[in-house]
Amino acid sequence: MAQLTFNDYMERISMIDLLSHAGFKPVRGKGRLWPWFAQTYTDAGGKTVTTDKFMVSGSQSGMCSRPPEQKNYNLLSFIKTFPHYFPEYQPGMNLDKLVNDVCRTILNQPMEESRAEVMERLNREPFNLSHFDTIEFNREDKTNTVQFYPYFRQRGIDMLTQIAFADHFMLAANNQRKDGKVHYSLCFPYQQPGFDKIIGMEQRGKPRKDGTTYKGMALGTDSTNGLWIANLTGKPLKEAKKVMWFESAYDAMACYQIMRKAKEPVKAVYVSTGGSVSKTQVAHMLEHTPEAEHHLCFDRDKAGLMFSCNFMMQKEGRNYSSTISDGTLHFVDRTHEDQNDHVDFDLKTFSIEDFREKMELKDYRTVFHPCASGYKDWNDQLLDKPSENEILGSDVGEKESEEETQGKGIKL
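Quick note: the sequence shown uses numbering that gives the first Met the number 0, first residue 0, plus one each step.
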């Protein structure tokens, strides 16, 4: 059978077919010009609660919208914008592959190995550091350190910060390229907590003329089990008193620099998850830092908030699932046998204190520690670059007074 294209999918699959496959049900109502579809669940009191709703622009149309938003979605943009709606989705998977899997399932077509699937299969081959030529940072060699300058200058990260993290980054170039070209990237090595072996790398490129940079993972990186771990305490990981969690190594270095200039304590274990946060990453680190206070320094946006909430639930051994839709954070707590507790949080009025209370979380050695209000992440704060997109304000933080937090290990 010939390989179907995205255009084929657009012609053969209506938005109603797609929404139905994603678990949406028709919403009845008089006087409506176009069909509406919604996702619902029944709460503990037997009440039907709607979590998300979309309007289709006609029974055979390939477009839908989510009022009051003005944006329209077609089949491709809907799947890529809301991947978590689909049973075929797995965290971190290639979204082109997801489109292919969803559409072939709807059309009842046999799965064929696409280019995205080939790349994913290749990426499952174990990471091999010998496939890279590397340059270590030598703080005593100016000729050496100047090679790192383009990667850190754009981020506002100064030499003192580079020196502090010198053992935890390198320049690396793939020496397996068939074209023989040598292209170095700034790389942050990944390890599984408790092991010295490097099992991958977070990669960053030099800034392009348009201001963008390459961001990715080295081929074969095990980002499920591995993290970037910069232990600046001078002590074994198991003796760590403070672990600080970030979505990127750049953010970790930026936070360190901000605290250093503010003369705040900076000796801690700095961790980057590389963007997403897996339960395995968290479990490995918790296992090897039994005495540590964990500071959640993820981005000040919806995804970062979910990472923080998920972390707190996992640390207390809860069995849960979570999604964000239509400005609401949805949690399903399955910790208690034969009981699903649905709890919704309006992001406009959200606070960590309220989340702890409603989810009955008692561990105050987990500290919500985002960047300053008005910035998306720690690197933007270092650059004094306020966010132009939707971010969470100061109301997401702890609302307890300093006096009330003294006995709970919270540092505001």
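By construction, these hints were calculated from the structure, which means they are not laboratory data. Just to be clear, a hint being listed does not mean it is correct.
[What the hints assert, rightly or not] Restricting the straight-line Cα-Cα distance to at most 25 Å, the calculated cross-link-like pairs of lysine-lysine (DSS-like) are: (1) Lys70 to Lys24; (2) Lys52 to Lys24; (3) Lys70 to Lys241; (4) Lys347 to Lys240; (5) Lys214 to Lys357; (6) Lys314 to Lys214; (7) Lys262 to Lys278; (8) Lys214 to Lys96; (9) Lys141 to Lys196; (10) Lys262 to Lys240; (11) Lys278 to Lys196; (12) Lys240 to Lys196; (13) Lys208 to Lys196; (14) Lys52 to Lys347; (15) Lys241 to Lys79; (16) Lys278 to Lys260; (17) Lys301 to Lys347; (18) Lys234 to Lys214; (19) Lys141 to Lys205; (20) Lys361 to Lys384; (21) Lys180 to Lys240.
Only a predicted model underlies this, so the values are computations on that prediction, with no experimental measurement involved.
Is Lys234 close enough to Lys214, meaning Cα to Cα at most 25 Å? Distance ~31 Å between Lys234 and Lys214 Cα, so the pair is violated.
Would you mind confirming whether the straight-line C-alpha gap from Lys70 to Lys241 stays at or under 25 Å? violated, 43 Å
Lys262 and Lys278 were given as a pair; does the straight-line alpha-carbon distance stay at or below 25 Å? Violated - the C-alpha atoms of Lys278 and Lys262 are around 33 Å apart, more than 25 Å.
Hinted pair Lys240 and Lys196, Cα distance within 25 Å: Holds - the C-alpha atoms of Lys196 and Lys240 are around 23 Å apart, at most 25 Å.
Would the hint linking Lys214 and Lys357 be met if the CA-CA limit is 25 Å? Cα-Cα ~37 Å, so violated.
Straight-line alpha-carbon gap Lys141 to Lys196, limit 25 Å: violated, 29 Å
Please verify whether Lys278 and Lys260 have alpha carbons no more than 25 Å apart. violated, 33 Å
Against the 25 Å threshold, does the CA-CA distance of Lys180 and Lys240 hold or violate the hint? Status violated; Cα separation ~44 Å.
Please verify whether Lys52 and Lys347 have alpha carbons no more than 25 Å apart. holds, 19 Å
Run the distance test for Lys141 versus Lys205: straight-line Cα separation, threshold 25 Å. Status holds; Cα separation ~19 Å.
Is Lys361 close enough to Lys384, meaning Cα to Cα at most 25 Å? The given pair, whose Cα atoms are some 35 Å apart, is violated under the 25 Å limit.
Hinted pair, alpha-carbon criterion (25 Å max): Lys262, Lys240. Please report holds or violated. Roughly 19 Å between the alpha carbons, so the hint for Lys262 and Lys240 holds.
Hints 3, 4, 5, 6, 7, 9, 13, 15, 16, 18, 20, 21 from the earlier list are contradicted by this structure; the remaining hints agree with it.
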